[in-house]
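Visitor: All chains should be modelled from the sequences, with the hints used to inform the complete structure.
Residue numbers (our numbering), protein chains in the order written: chain B, 1 to 285; chain C, 1001 to 1275; chain W, 2001 to 2306.
Be a bit skeptical, because a hint or two may be false.
Unchecked claim - Calculated pairs, EDC-like style, for lysine to aspartate or glutamate (alpha carbon to alpha carbon, straight line, at most 16 Å):
1. C/LYS1044 / C/GLU1247
2. B/LYS184 / C/ASP1105
3. C/LYS1088 / C/GLU1099
4. C/LYS1054 / C/GLU1219
5. B/LYS59 / B/ASP250
6. B/LYS137 / W/GLU2267
7. C/LYS1054 / C/GLU1212
8. C/LYS1218 / C/ASP1238
9. C/LYS1153 / C/ASP1163
10. B/LYS184 / W/GLU2193
11. C/LYS1153 / C/GLU1212
12. B/LYS137 / W/ASP2271
13. C/LYS1032 / C/GLU1086
14. C/LYS1162 / C/GLU1150
15. C/LYS1116 / B/GLU173
Quick caveat, the hints were computed from the structure, so don't treat them as lab data.
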Amino acid sequence: MSGRGIPYSTVRRCFNAAAFTLTGVFAAVTVSTLFFILGFITWHGISAVNVDFFIHLPKPVGEPGGGMANAIVGTGKLLLLASAIGVPIGFFAGVYLSEFGHNKLGFWVRYAADLLNGVPSIVMGIFAYTLIVLPMKQFSTFAGGVALGIMMIPIAVRSTEEFLKLVPNSVREAAYALGVHEWKTIVFVVIPAAIRGLLTGILLDIARVAGETAPLLFTAFNNRVWSHGWMEPTSSLPVMIFTYAIAPYDDWHRQAWAGALVLMFLLLLVNGGTRLLLPRRRVVT
Amino acid sequence: MNAPTMLKRFVVEDKSEGSEETPQVVALMADKLNAWFGSNHAVKNITLQIYRHKATAIIGPSGCGKSTFIRCLNRMHEVVPSARVEGKVWLEGWNIYGEKVDPVDVRRRIGMVFQKPNPFPTMTIYDNVAAGLRLNGVRDRAVLDAAVEESLKLAALWNEVKDHLREPGTSLSGGQQQRLCIARALAVKPDVLLMDEPCSALDPIATGKIEELIYQLKEKYTVVIVTHNMQQAARASDYTGFLLMGELVEFGQTSKIFTNPTDSRTESYITGRFG
Amino acid sequence: MRRSSSLNWGDLLFRRVTLGFALAVVGIVLVLAGSLVWNSRLAMKEFGWAFLWGRTWDPVAVKFGALPFIYGTLVTSAVGLLIAVPLGIGTAIFLAELASPRISEFLSFLVELLAAIPSVIYGLIGVFVVVPWVRTVVSPSVSAVLGWFPLFEGTPYGVGLFTAGLILAAMIVPFITVVSREVLLTVPRSQREAALAVGATHWESVWTVLLPYARSGIIGSIFLALARALGETMAVTMVIGNVPEISASLFKPGYTMAAVLANEFTEATYDLYIHTLIEIGLVLFAVTFIVNGIARLMLSRMEHPA
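Guide: Written out as structure tokens, the structure reads:
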């Protein structure tokens, strides 16, 4: 069974070691990409982040200085509106799927939610544009909020259904056996039992859309000063980062890094924090 | 037994030999009860009386339909998809399966304790016991306090938890959790308490405590207990019904069933020839 | 499920409300698809199917062809997959087979964080780090050796199809890694042990038994990654050069469907222009729909192995 010269088993053993070493290298490359990105952002951004960044408006084009105060507030308003739209729809649809949706309709609702999840974010922007910007003939925070809100729906649906399903049926039975109505059982017993997962799911959902730029490009558009109310175009952190990054001014580049650092920090806080509270929750897909 | 004679509470004389002539009141009665899981006919035409202030045991081998039967008594069976029930169950003169009857009302009057203790996971001991009352609209703190204390005392749990009422319900041991569930069921003052193999998930000491509990509960409540443990049935109950393959084979006073059963199948089961 | 006849009004109301929201989700999808079709009708009527292989994109002369964008989208996604698939599967194998469970969980978490990084930040790194690197290091060195080959010719701009593909690879690797790792972990122990029992080395058991067993799931993850890559906008538009031309070289600038939408949507001054752009959006929608559908099919096969 031995070949000429080198014994067969040695070849196989070497190959085994080599192959797994390669996978180790690949894993190192993949994981280090994360540190690479975080490192660069921190390095470039840390020098640019200062109090000015948070409280000042952008300076006129070409002038150095200024900050992204309006962008930060704008992102806040957009996320607030997006949550107001996406969370109720996604949550109640998720309740339906978990408690009543073991039927044909449930299949189609899940399918629709999956479909919505796979729609590229720029297409969502187009949708909000045709729905709101065109009829109203203006860019607005409202349109941006709607775009982001619709993007929040599929994740809210899946997350809600998943965590409600984790509540054991024995808990529902215990409530029914006490003579509690179905809706009260769901609202006062089942949902509270799953509340931790539900809340972190929503938090992650918000974090997911917080960094989205494409859907805002032609809905909320941009604004170099404060935006008032909901019907004016508004600046937002991701859009500002984009605008500044591709512009020719060094100072703007600096601020783009600062913006990226702030955004990254918040997102990592939410993603990392919720993972500590709830292990085994998949963020991807 | 037809409907008109059931319109008010009535007194039935126990026909078994050698019993005292004390009149028994029927608290609950299954009347030609049938139940299905999809196409599986799990409960076949059972007619059976549950007497007030007595403990009735339902025994039988695995899969004989005893759990399904008891769950029909408080309309829990229909919560399962593909479940179907036909027949009647009389509670004080009204058919709980009547046209206009809301199953939720039925379940307030007929309580249930399950095989595995299932306290509400996010609630404290106090909240667990008070849950039934609260969810039915009782807000008065004083009323709730009194009900919680009384129920926990009835469930023989008060002394162990009275200083820990704010602890989570799940912090108790298995046996304590089950007594908590009993207290929770008792807090809404049901007419009948159904117990579906309440001790099968517990150790012998906890089991003993619950059996003792059943003995004490009989004074105020009516208890129906499903059990696969014959010794438990013999110890804890006054009446026993033996189910086999969905049918009621024999029903009578526990002492008679276990010492001198009429049906040969009952005798085979009791003596351990099968099951 | 309890019969409606046994419900009271509270329950009925609750069921109806949740049902309503559930139907709203379906409704939104239908309206979305419908609005894309409706708002691109002028372009569809004007150009027909030839739109998909028209090579000229000249809004001023009102000549519209989508091929440059479709080409750019396909090429950048292909480059991205070429890099991300081996990287992702290799990483998944390492995490599933070699790393201890705790390390595996932790590293998997880190990889998932990669997916949480917004596209614009990948773009930022792309513009200021990757593009200069490609321009000064990669492009010249590749050109020096393989510059004669059409795939690699051209002056090094830094921006281009290759750079975009590289960034896409970084963005889609998490999808492949996380899903493939999970899928590999679900392969029953008995399968692994069967291979080892006949004297296979660890790697051989992975290659001959585990990977084939997990094949559907891994392919599913690749399609998921592809769907992501096809729709990626910000990072791509920041590094691809945004020139609607079809060139054989990877180092030449290009354009993708998503990128042209991002750049030209606000510049579209007349209806046909807008409708044409929306038609591109419709094509993007349709393509990602199909790819995601295949991904879901593959992944569901994993749960019910034939």
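Visitor: Compare the structure with the hints numbered earlier in the document and write down the numbers of the violated ones, lowest to highest.
Guide: Violated hint: only 10; rest satisfied.
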